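S.K.: If you want the building blocks of each chain, they are given just below.
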Amino acid sequence: MSSKLTTSNRAGWAFAAPGIVLIATFIIVPFFFAFALSLTNQRLISPNPTQYVGLQNYRDMLSVSVLRLAPEHDDAGLIARDADGAPVYPRVREITRNPDFPQYRGMREWFRVHTGDTAHVVIARDVVFMKALVNTVTFVLVVAPLQGALALGLALLVNQKLRGITVFRAVYFMPVVVSIVVVSLLWRFIYSPDGGLLNNLLSGLSFGMFQPVNWLGNPDTALPAIMGMSIWQAVGFHMVIWLSGLQTISPTLYEAAEIEGASKWQTFRYVTWPGLRHTAVLVLIVITMQAFALFAQIDVMTRGGPLDSTQTLVFQAVERGYGKQDISGGATISVVLFLMVLTISLVQRRLTRERA
Amino acid sequence: MAAISPENHGLRLAVRYAVLVLIAIIFVFPLVFMVMSSLKPDQQLLADTSSLRAFLPVGDVSLNNYTKAFQRAPIGLFVLNSVLVTGLTVVLCLLICSMAGFAFVYLNWRGRDLILSVVLATLIVPFETIAIPLLLLVSKLPWIGWEGITIGWLNSYRVQIIPWIADALTIFLFVQYFKGLPRELIEAARVEGATWFQIYWRVVMPLSGPVLATAAILKFLVMYNQYLWPLIVVQQEQYRPVMVGLQYFFQLNIAWGEVMAYLTMITVPVLAFYLALQRAFIASIASTGVKG
Numbered sequence: 001m002s003s004k005l006t007t008s009n010r011a012g013w014a015f016a017a018p019g020i021v022l023i024a025t026f027i028i029v030p031f032f033f034a035f036a037l038s039l040t041n042q043r044l045i046s047p048n049p050t051q052y053v054g055l056q057n058y059r060d061m062l063s064v065s066v067l068r069l070a071p072e073h074d075d076a077g078l079i080a081r082d083a084d085g086a087p088v089y090p091r092v093r094e095i096t097r098n099p100d101f102p103q104y105r106g107m108r109e110w111f112r113v114h115t116g117d118t119a120h121v122v123i124a125r126d127v128v129f130m131k132a133l134v135n136t137v138t139f140v141l142v143v144a145p146l147q148g149a150l151a152l153g154l155a156l157l158v159n160q161k162l163r164g165i166t167v168f169r170a171v172y173f174m175p176v177v178v179s180i181v182v183v184s185l186l187w188r189f190i191y192s193p194d195g196g197l198l199n200n201l202l203s204g205l206s207f208g209m210f211q212p213v214n215w216l217g218n219p220d221t222a223l224p225a226i227m228g229m230s231i232w233q234a235v236g237f238h239m240v241i242w243l244s245g246l247q248t249i250s251p252t253l254y255e256a257a258e259i260e261g262a263s264k265w266q267t268f269r270y271v272t273w274p275g276l277r278h279t280a281v282l283v284l285i286v287i288t289m290q291a292f293a294l295f296a297q298i299d300v301m302t303r304g305g306p307l308d309s310t311q312t313l314v315f316q317a318v319e320r321g322y323g324k325q326d327i328s329g330g331a332t333i334s335v336v337l338f339l340m341v342l343t344i345s346l347v348q349r350r351l352t353r354e355r356a
Numbered sequence: 001m002a003a004i005s006p007e008n009h010g011l012r013l014a015v016r017y018a019v020l021v022l023i024a025i026i027f028v029f030p031l032v033f034m035v036m037s038s039l040k041p042d043q044q045l046l047a048d049t050s051s052l053r054a055f056l057p058v059g060d061v062s063l064n065n066y067t068k069a070f071q072r073a074p075i076g077l078f079v080l081n082s083v084l085v086t087g088l089t090v091v092l093c094l095l096i097c098s099m100a101g102f103a104f105v106y107l108n109w110r111g112r113d114l115i116l117s118v119v120l121a122t123l124i125v126p127f128e129t130i131a132i133p134l135l136l137l138v139s140k141l142p143w144i145g146w147e148g149i150t151i152g153w154l155n156s157y158r159v160q161i162i163p164w165i166a167d168a169l170t171i172f173l174f175v176q177y178f179k180g181l182p183r184e185l186i187e188a189a190r191v192e193g194a195t196w197f198q199i200y201w202r203v204v205m206p207l208s209g210p211v212l213a214t215a216a217i218l219k220f221l222v223m224y225n226q227y228l229w230p231l232i233v234v235q236q237e238q239y240r241p242v243m244v245g246l247q248y249f250f251q252l253n254i255a256w257g258e259v260m261a262y263l264t265m266i267t268v269p270v271l272a273f274y275l276a277l278q279r280a281f282i283a284s285i286a287s288t289g290v291k292g
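Those protein sequence lines, which keep their order, are chains A and B.
With the first letter of the first sequence counted as 1, position 306 gets the number 306 in UniProt numbering; the numbers rise by one all the way through.
With the first letter of the second sequence counted as 1, position 273 gets the number 273 in UniProt numbering; the numbers rise by one all the way through.
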């Protein structure tokens, strides 16, 4: 790189050392520390010495089994049915507490599916963790593509040559500079079941046909409501990244497309999109990382509820590591989270590289 | 194809602007609602949400909510804490990260390329995955202060500042920027016998206005909006920043007028700052995207 300059070990280290020491101490050490702690029973404050427990924390969180339950039969040999006519099944508790099945001890029902009369009950050792895992993955899978696409749409919109376009650009970006904590509290009011702006708006638009919804209080709508708000807050950020990608595409390519008589879609498909490949990787990776880190919205709006429908990995890591002082439990979740972030960014990088 | 007539052109232009304005409303309405609601008593605030009055300063408008918010929480203290922590971190970050960037670009030292790649690899580690082990770490770190050596950094300013000073993104921004500066300037200064520190301070820094602005804006946004970290390392009111101070306003029956007043107070200065420097803000975010 700097072949013409003489070697300057002392000056080099002197300039770089403060930054390197800080990054090593406060990022790299805790990063490896997380792996180490996840193999122990470390607590934040504890009179007992810390012990090595191997992969026990991982087993406690990730163990999942399926129980196949046949319906119970009544004295006449027919399938027993309850008042609604649904078959009656043995209680899961009878199996997880049965000394004959020590492998199921301490597990709880997570969800069940039926095939014919058989119930397949999925039981997990740590149901809250499993829900947090599924919610986090769902959040990422919905938010990353949706927010990426909306941000690209906005970028194309504000990339037009129109008078005053910079004003719109500045306005669309505005929520990005507002803290997510402020935004979450503000939207808690917008989503509120009585007198909330969203319900009032929807009932106004539908001339009173719309029935008010308790957006954050209903397990079916709470996570989607948080997704919507998160996209609203962050989409301007990614709009700007797309915009900087758009502006690297040479105008002569667009002129050529115009001369060839390309339609708007063709121009996008064959000129704009290929020019945005690097930006696309970056936008996807950044959104994915931000989405996996979902915490403040949950802490301010729902605290994981209702019925654990908005539990997330980071919320659980903080709840355990800080709230319950269970550092090793929090560290284990952190490691799982990091491995997921790493896998997804490697996959995204690989996919876009192969296509190129 | 028929030529586009002037009326047709005018109509299309109107449609374009209509779309732009509609989207702008989506991004602005919660913020306008926040400011307007902060001026109204709770009863009126709730009643107004069923009409456009929610976005207008009408009815019983006063600053009462602000007075009451100040009575509920030591807001001045929180603001002071946030300004102190944010300001010090930004200044130290610019200094330390620019020095590191300088070493990575202009100096030849053993281990340089390996260390740069390790530093950049930390970009993929989200802070949320190291927060819990870092909490344990800072709870055990020693500190030399007025009272001699103490153990544990919890409940202090330093725990909010020191771990945040150096970060890979800021170092990366400086490295990118320094690579684009003309190398001859540094070599000329070297030939004239300037020390490395003089070159850094007198030659490179004065040319680094744009990257300093970018890095300062990004760091400012991160630090001022900090939530998770101060939440877990600061329990004493004395050191709390504004975002954690919000918790004084969560309760069973939320007094929404006061909440809106508090939100307005901690948000409007940042928004004003942003609107004054919006080109620089947007350029900062864009510059994180030109990695290729």
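For the record, the hints were derived by calculation from the structure and aren't laboratory data.
Careful: at least some of the hints might be erroneous.
Quick list of simulated restraints, FRET-style, between CB atoms [what the hints assert, rightly or not]: (1) Ala188/B with Thr248/A: 44 to 52 Å; (2) Gln238/B with Met209/A: 31 to 39 Å; (3) Leu275/B with Arg93/A: 40 to 48 Å; (4) Leu146/A with Val191/B: 14 to 22 Å; (5) Val58/B with Pro145/A: 24 to 32 Å; (6) Arg93/A with Asp60/B: 21 to 29 Å; (7) Arg183/B with Ala262/A: 38 to 46 Å; (8) Arg105/A with Val118/B: 40 to 48 Å; (9) Ile26/B with Gln56/A: 43 to 51 Å.
Facing chain B, from chain A, some residues (calculated, C-beta under 7 Å) [said to hold, decoys possible]: (10) Ala149; (11) Ala170; (12) Met174; (13) Gly217; (14) Asn218; (15) Pro219; (16) Phe338; (17) Leu339; (18) Met340.
Keep in mind that this is a model prediction, so the values were computed, not measured.
C-beta: ideal position from N, C-alpha, C; glycine also.
S.K.: Does each hint hold? Answer for all of them.
M.R.: Hints versus structure:
Separation of Ala188/B from Thr248/A is about 32 Å and departs from the stated range, judged on CB atoms against 44 to 52 Å. In this structure the supplied range 31 to 39 Å is violated for Gln238/B paired with Met209/A, their Cβ-Cβ distance being about 53 Å. Restraint check, Leu275/B to Arg93/A: a C-beta distance of roughly 60 Å breaks the suggested window 40 to 48 Å. In this structure the hint that Leu146/A and Val191/B lie 14 to 22 Å apart at CB is violated, the actual value being about 56 Å.
At roughly 42 Å, the beta carbons of Val58/B and Pro145/A sit outside the given window of 24 to 32 Å. Under the hint 21 to 29 Å, the C-beta atoms of Arg93/A and Asp60/B, about 57 Å apart, miss the expected range. Between Arg183/B and Ala262/A the Cβ separation comes to about 43 Å, which falls inside the hinted range of 38 to 46 Å. Taking 40 to 48 Å as the suggested C-beta distance range, the pair Arg105/A and Val118/B conforms, at roughly 44 Å.
The supplied range of 43 to 51 Å is met by Ile26/B and Gln56/A, whose beta-carbon atoms lie about 49 Å from each other. Contact between Ala149/A and chain B, as hinted, is not supported at the beta carbon level, the nearest pair being about 15 Å apart and thus beyond 7 Å. Checking Ala170/A against chain B: minimum C-beta separation of about 4 Å stays under 7 Å; hint holds. The interface hint given for Met174/A is met, as the beta carbon of that residue sits about 6 Å from the closest beta carbon of chain B, less than 7 Å.
Hint status for Gly217/A: violated, given a least beta-carbon distance of 14 Å to chain B, over 7 Å. At about 19 Å, the closest approach between the beta carbon of Asn218/A and any beta carbon in chain B exceeds 7 Å, and the interface hint on this residue is violated. The interface hint given for Pro219/A is broken, as the beta carbon of that residue sits about 21 Å from the closest beta carbon of chain B, more than 7 Å. Of the supplied interface hints, the one on Phe338/A holds, with its beta-carbon coming within about 4 Å of a beta-carbon of chain B, less than 7 Å.
Look at Leu339/A: its Cβ only gets to about 9 Å from chain B, farther than 7 Å, so that hint breaks. At its closest, the beta carbon of Met340/A sits 10 Å from a beta carbon of chain B; the interface hint therefore is violated under the 7 Å criterion.
The earlier numbered hints that this structure contradicts are 1, 2, 3, 4, 5, 6, 10, 13, 14, 15, 17, 18.
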